[in-house]
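Q: Sequence:
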Amino acid sequence: MSQKHVVVIIGASGIGLAAARRIAGDRTIVLGARSQTTRDTAKEALQAEGHTVKTIEVHVSDHASVKAFAHQAASIGTIDVVVHTAGVSPMTAESTEEIIQVDLLGAAYVIDAFQEFAVQGTSVICISSMSAHMTFALPPVSVAELINHEEYKQVLPTAGHQAYAFAKYANNLRVQGAAMAYGEKGARINSISPGVIMTKMGHQELEGEMASGIEAVIGASPLKRAATPADVANTIAFLAGQESSYITGSDLKVDGGSVASTRWLLYSDGLPREQTSAA
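In terms of this note's numbering, the sequence shown has 194 at position 192, counting the first letter as 1, and numbering is strictly consecutive.
Read the hints as simulated data drawn from the structure, not as lab findings. Where hints are given, some of them may not hold.
What the hints assert, rightly or not - DSBU-like, lysine-lysine: derived pairs with alpha carbons at most 30 Å apart:
#1 K56 with K187
#2 K6 with K187
#3 K187 with K69
#4 K255 with K69
#5 K56 with K6
#6 K255 with K226
#7 K69 with K56
As the list claims (entries may be wrong) - Listed next, with one range per pair, are the computed distances between beta-carbon atoms:
#8 E59 with T80: 36 to 44 Å
#9 G123 with Q74: 14 to 22 Å
#10 H73 with S263: 38 to 46 Å
#11 Y248 with E99: 20 to 28 Å
#12 M182 with T43: 36 to 44 Å
#13 A222 with T80: 23 to 31 Å
#14 S263 with K187: 20 to 28 Å
#15 S77 with A222: 46 to 54 Å
#16 E59 with A218: 13 to 21 Å
#17 A183 with F240: 29 to 37 Å
#18 Q122 with E59: 45 to 53 Å
Glycine is no exception: its CB is placed at the ideal position from the N, C-alpha and C atoms.
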């Protein structure tokens with residue numbers, strides 16, 4: 003009997019659901035999410051489309067839960083792809099602490115847990131955010147403080163949006179740091195930083211107090227539109243496939259040019275500051 007191959011999706015709605023549809027093919031989809039309703043809804047939708055789906059409860063902010071989830075997923079079959087999409091935003095989180103527990107430590111737990119089960123060709127993809135590239139207001143901290151499980155509280159920003167950027171920036175550093183260990187097993191790990199994306203969370207943000215700021219970001223971007231889950235799923239498919247076999251430890255921005263345009267607007271006279279000062 004041939005060994006099953008599985009695609010692990012953590013976060014069973016929005017980007018996660020779009021990714022499952024885009025990359026699963028004939029492989030078994032292992033869906034992990036905290037909410038049973040979310041798991042059941044996603045499973046029903048994917049099975050109706052002909053996919054084989056297993057669902058497992060996982061709380062990404064709980065290290066033991068993530069480790070158990072990774073073990074269960076690996077018991078189903080060889081892990082080809084892991085896509086970690088679960089997260090909270092400043093609008094949906096109940097506290098700054100929740101942002102750090104879910105968005106920072108949750109990603110760290112996933113990266114650590116699945117390293118054990120990575121094999122030749124495994125691709126791990128963590129969903130970050132363009133906020134990771136807009137950390138102008140963050141206090142100067144060391145890499146160790148950004149990624150150390152015990153030290154992060156010492157430098158934790160108090161504002162929700164700062165904590166979110168902090169968490170995503172730290173995630174990108176952790177992905178870079180994990181590339182060597184994954185590479186020793188013939189596996190790869192990368193992150194994707196989406197811009198404004200029209201998931202359920204994105205719609206909630208556009209209906210909340212951050213709406214005007216988000217609309218301004220979209221309006222100032224070169225493409226002047228928000229992303230769809232499919233936009234991100236297409237990038238996930240690229241990073242999961244052989245076409246990206248020489249890419250690891252990297253972050254791909256899928257933001258419609260928002261980060262590029264924001265940084266360019268910070269330059270004076272259309273030139274980088276160092277060029278301006280040298281003129």
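Q: If you check the beta carbons of E59 and T80, does the distance land in 36 to 44 Å?
A: 22 Å, violated
Q: Could you see if the CB distance from S263 to K187 stays within 20 to 28 Å?
A: 38 Å, violated
Q: Range first: 45 to 53 Å. Now tell me if the beta carbons of Q122 and E59 are that far apart.
A: 30 Å, violated
Q: Is 20 to 28 Å respected by the C-beta to C-beta distance linking Y248 and E99?
A: Taking Cβ atoms as reference, Y248 and E99 lie about 39 Å apart, which means the hint is violated.
Q: Is 23 to 31 Å a correct range for the gap between the Cβ atoms of A222 and T80?
A: 44 Å, violated
Q: If I claimed the Cβ atoms of S77 and A222 lie 46 to 54 Å apart, would that claim hold in this structure?
A: Holds - the Cβ-Cβ distance for S77 and A222, about 48 Å, lies within 46 to 54 Å.
Q: Take a quick look at whether K56 and K187 sit within 30 Å of each other, Cα to Cα.
A: 26 Å, holds
Q: Straight-line Cα separation of K56 and K6 no greater than 30 Å?
A: 12 Å, holds
Q: Kindly confirm whether 13 to 21 Å is satisfied by the beta carbon distance between E59 and A218.
A: Violated - the Cβ-Cβ distance for E59 and A218, about 39 Å, lies outside 13 to 21 Å.
Q: Does K187 lie within 30 Å of K6 when you go C-alpha to C-alpha?
A: Since the Cα atoms of K6 and K187 sit roughly 19 Å apart, the hinted pair holds (cutoff 30 Å).
Q: Keeping to a limit of 30 Å between CA atoms, is the pair of K255 and K226 held or broken?
A: With a Cα-Cα distance of about 15 Å, the restraint between K255 and K226 holds, given a limit of 30 Å.
Q: Is K187 within 30 Å of K69, Cα to Cα?
A: 19 Å, holds
The structure does not agree with the numbered hints 8, 11, 13, 14, 16, 17 and 18 stated previously, though it agrees with the rest.
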